[in-house]
Every structure is written in C-alpha cells, then in structure tokens.
Amino acid sequence: MGATITEKILAAHCEGQDVTPGAYVMAKVDFCLGNDITAPIAIEQFEKSGFEEVFDRSRIALVPDHFTPNKDIKTATLCKQLRRFARKHDIEHYWEVGRVGIEHALLPEQGLVGPGDLVVGADSHTCTYGALGAVSTGVGSTDLAACFATGEVWLRSPESMKFTFRGRLPRWVGGKDLILYTIGRIGVDGALYRAMEFCGPVIETLSMDGRLTMCNMAIEAGGMSGIVPPDEVTRDYCEGRLKREARYLRSDEDAKYVETYDWDVSELSPQVAAPFLPSNAAPVEEFKGVEIDQVVIGSCTNGRISDLREAARILEGRTAAPSVRVIVLPATRRIYRQALDEGLIATFIEAEAAVSTPTCGPCLGGHMGVLAAGERALTTTNRNFRGRMGHQTSEVYLCGPAVAAASAVTGRITHPDELEG
Amino acid sequence: MKGKCWKFGDDVNTDEIIPARYLNVTDAAELGAHCMEGVAPEFAATARAGDIIVADKNFGCGSSREHAPIAIKAAGIQCVVAKSFARIFFRNAINIGLPIVECPEAAGDAATGDLLEVALAQGAITNRTKGKRYSFPPFSSALQAIINAGGLLPYTRRRRGA
Ligand code: SF4
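Line order of the protein sequences matches chains Z and B. Under numbering that gives the first Met the number 0, think of the first position of the first sequence as 0, with each following residue one higher. Under numbering that gives the first Met the number 0, think of the first position of the second sequence as 0, with each following residue one higher.
Careful, some of the hints might be misleading.
Derived pair list, reagent style SDA-like, types lysine to any residue, alpha-carbon separation capped at 20 angstroms [unchecked claim]:
(1) Z:Lys87 with Z:Glu52
(2) B:Lys6 with Z:Arg385
(3) Z:Lys73 with B:Gly149
(4) Z:Lys73 with B:Arg20
(5) Z:Lys27 with B:Lys6
(6) B:Lys82 with Z:Tyr192
(7) Z:Lys47 with B:Val24
(8) Z:Lys47 with B:Lys72
(9) Z:Lys27 with B:Tyr154
(10) B:Lys82 with Z:Lys87
(11) Z:Lys73 with B:Arg157
Rather than coming from a laboratory, the hints here were simulated on the basis of the structure.
Assemble the whole structure, with the sequences as input and the hints as a guide.
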C-alpha cells in the first residue's frame, strides 16, 4: 500500500523503525527551535542534566520574538539567558532585536526549513512549515532540551487526514478563511494527533503565504502537523533561498487517510471565529455590526507581505474609526522593509494605525496592545481563548487581513465588500 | 494514588492553565501559585497536595508552554485524568514526569469532590464516592521507558550512556 507524504518524510528520519501510524519512533530532526518563553526552560534543563555540547550548532534556532523588545526586567532576563547560551555554543541562528522576526515567518523566509524536512520547535505553531512540504511540529521545552543534546525527538507517527479544496476562491477569501472554515467544520480536537494534508485545485493556486497561514493553524484543530504537497509554488519559493537541499515528496495515490473531506469553496464567505474557540467560525455576515475596540494585523498567522498588502488595499485613503486602535505588526524585518518600499507602511500610518517592530506582542497578550476588562479585539492572529489578549473578560475575534482592515475603518465587524463593493 | 477530584470541562487550554502574563516566570512554585487561574481562580489557593485534576476532552490544548504541566505539578496535583489530551500537553507531561491517564469513562463520571484512586501500573481507576471502577490501557513500551526513567532527560542521558 502507498504512503502519505508525512509517512515518507518520517520514514526518512527514522531509519529502520516502523512508522506505521500509531507507532512510537525516535526520529532525527533536520532543525529545531525555541523562543524567549520556551528556550530558557530548555536551556535550564539541558544544563541541569549535565549536557555540555549541542548536537549541531547550525541546526538550532533561538528566536527572541515573544516579549521583545523586552517589556520588563523578567523578560529581559529570559532573553539574556538565550543570548548567553547562543554565544556559549556558537549557535548560528540567533537574532537580536532589530534583526529578529516572528519565528514562524522568519525561518521559512531565511531558508532554514524546507521540503522534506523534519522540524520540531518548542512552540505550538511550529506546524507552520508544513506549507513547504515538511513535517513540522510543536513540542515542549524538555523535548527541545533533549533535542539540543541529541538531535532526536520521540514522536507518535500520526494518521493523516486529507482536505481537498475545489472551486474558485471568492474575492477577499484566502488561506485564513479556508483554515477557519476547516476548524469550524471539524472542531478544536478534530485532528488530534493527526497530520492534516491540504490539497486540491484551490491549494495549488494558493500563494506560499496563504499556505503558511493554513498550516499555521493545524494545531488549532489539535493536529500534529499540517502539510501541503510541494509543487511549483514551493519550488519558486525555495529556489535561491533554501540553505539545504530540498526533498520534494508527495503522497501516493493509494495512500491511506483516516478521514477525507472534499469541499467546494466557491461560495465561501470570509470567516470570523467568535470567542472563545477558533472553531466558532462562521461567515463574516453573521457578526455584522459587532463593535470592536482594537484591530491587530500581524502574527505568525497573518503578518506576511501579502497580508499587509491586502490590508493596505482596503486602508488606502481611509482612516481607522475614531473608537478603534489599530496595530500593525510586520512579522519580520524583511517584510517590514518591503512594506516600507511598497508604501504600505505610509498607508497604515495615514490610516492612523500604530506600526510596530516585529514581535508577537499582543497575539499572546504579552505587550504592545493588551486588552482591558470587557474590551473586544478583532485580530488576524490564531487564538481567541478566554483572556488570550489580556483581561479574562476581554474578547478576541479571529479573521483574515481583509476583514480586519475593513472593520478597522468602520469600528464594527464588516465585510470588505461593504467598502469596496 | 488517592486524591480528591477537581473536575473541568472540554478544551481547557494552556492559557487557562497558566495565563501568558506569567510566562515571564520560570520558577515552578510561583507558576504553581497561579495554576488554573484562567478557568478557576480559586483553584491554586484551595487545591491540596495530592488532589487529582479530571477533565473532559482535549485537556491542555493551545500553546506548547511547559509552564502548564509544571504549574500543575507544582500545585501538588499528583495526577491528571481526562477523556483526551492535547498532543503537546500530553508529551510535556510524560517528559516531566507528571502522571496522566486517558480514561473517557472515569473522566465523564467524576465530579468535583469525588475521592479517586488511580493505580497506574494496574491501569485502574476507582471512584470511591461513586463506587465505580474503570480500566485504561497501559502506555506503549516506548513511553513507559521514559516514564520509568523519571522523565525524558534522565532517559536521554541513560540512552547515551552518560
Ligand atoms: S505570533 Fe502569536 S501564535 Fe505566533 S508564535 Fe508569536 S505568540 Fe505564538
């Protein structure tokens, strides 16, 4: 019987072991990463356990992106730990403020992860890199500590689910809407422990940015990973960028999936997910008129250049509603620079948005836009759990960049057609 | 293991177990003092050493923060039983040696205040209050090896012969 792309990639990293779904394997990783929240614990564990050397200083990334530029002394101390470890072990991929970006935007952009890779990161949204045709998944700090030492990780080989998207994407509908729709259909544990394979004509025409957005949120359905079979879009993205050799793999025709879904998305509306679960997704029309206090455009989900372009297209020549605070966070330095060159930053500033240096910031209620009691945000991030962006009684609605921008202008949840009809 | 049950519902996420405002903390005891704050603010102050957390499906969903199982362990919770666990929470618990058990029937029946007895090696849970007994399948041998070693890092050291 045939194998899925996920099974093929796992097998290539688990020499001689049985990778049948459900089996536990010890796998060799191509790359691992941690951030300023998770890596300090990993570093402490690594050192406390008496390990002295990292397995490969060129296959580790330490990304201080969550609380940077540091918001207080405690977070500055966490970053200092990262910095000390990076210097001590001569870790090749470490970035200071000014160079750093949000990890899941930064690593693909820098060509550090690519097709055929097995990547683990002490961050749940590590599943993002599946967009490149990699098996990539979030682990914990102790996993990362062990991985620093050995370059290996224990995994349960996942079953695969296949999602086929057909038809033609309507205007204003993109990767974020597809994934919110998917999570809405299967629920926040609909893909628990599984690999989610996204394919079909709609995915084939989706940009790499849109694919990264989709795979980013596989975890929001409980998935171990999301993956898009590599194609021309993947090759174009990786060419001249990827620092290692790409291994372009695809699932066999007769590969086995535990579940398959086949959706025609030609009539899909832009999606919004209401508090307090990403699975509360529904067409934007259903939330029409819901008033908002803050709009955030950014994060590892939607802080890439195409997201900023889409938001700017709507904000061009308009200003944010007086009642709304708009915060735009380009996800990396390169994206920031590109947005500047394209005039997008000027558009945001003219629209009276605050434009921030790359950081996770408000996405996790860290800094740069924390919500007060009872406030409501509409954001392009990926989680709307209770208290995610601040006070326990604050609310987060999730959406794509077009709905976020249109709603910023009106001060209430708005279909972009209302402005650009 | 015997302890009093604290019952939670579906999809308890890591932001509820330990909100992000405490992620600038790495001290286990301090994390423990805020355990479950996002869903049950009174929990950390009233839970006693040896209590057992019981939840419905998808416990620990959301971020990869190991602060979540660390906080639970530091709050004195000796075991977590749920209908199902989110994947990263599950591995974090195994890796740091927090006993966890997937047992849908026992989790579904239990209520806050019930007296539970969990026998890991026997794969059995007894709800003394309800007078019911449940069984759960043993861990795979790969996971059992990590658990037996006392967590992933001791296990890794042993494997490397260090
Ligand atoms: S942007 Fe948000 S979801 Fe993404 S890595 Fe940062 S905190 Fe996590």
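Hints, one by one, checked against the model:
The straight-line distance between the Cα atoms of lysine 87 of chain Z and glutamate 52 of chain Z is roughly 10 angstroms, inside the 20 angstroms bound, and the hint therefore holds. Restraint check: the Cα-Cα separation between lysine 6 of chain B and arginine 385 of chain Z comes to about 19 angstroms, which is no more than 20 angstroms; the hinted pair holds. Between the alpha carbons of lysine 73 of chain Z and glycine 149 of chain B the distance comes to roughly 30 angstroms, so the proposed pair goes past 20 angstroms and is violated. For the suggested pair lysine 73 of chain Z and arginine 20 of chain B, the alpha carbons sit about 11 angstroms apart, so the restraint of at most 20 angstroms is met.
Distance hint between lysine 27 of chain Z and lysine 6 of chain B is unfulfilled; the C-alpha atoms sit about 39 angstroms from each other, more than 20 angstroms. About 14 angstroms separates the Cα atoms of lysine 82 of chain B and tyrosine 192 of chain Z, which keeps this hinted pair within 20 angstroms; it holds. As the CA atoms of lysine 47 of chain Z and valine 24 of chain B are separated by approximately 18 angstroms, the hinted pair is consistent with the 20 angstroms bound. Proposed proximity of lysine 47 of chain Z and lysine 72 of chain B is supported: the alpha carbons are some 19 angstroms apart, at most 20 angstroms.
Among the hinted pairs, lysine 27 of chain Z with tyrosine 154 of chain B is consistent with the structure: their alpha-carbon atoms are about 17 angstroms apart, no more than 20 angstroms. Taking the CA atoms of lysine 82 of chain B and lysine 87 of chain Z, the gap is about 44 angstroms. The hint is violated against a cut of 20 angstroms. A threshold of 20 angstroms between alpha carbons decides the hint, and for lysine 73 of chain Z with arginine 157 of chain B the separation of about 34 angstroms lies outside it, so the pair is violated.
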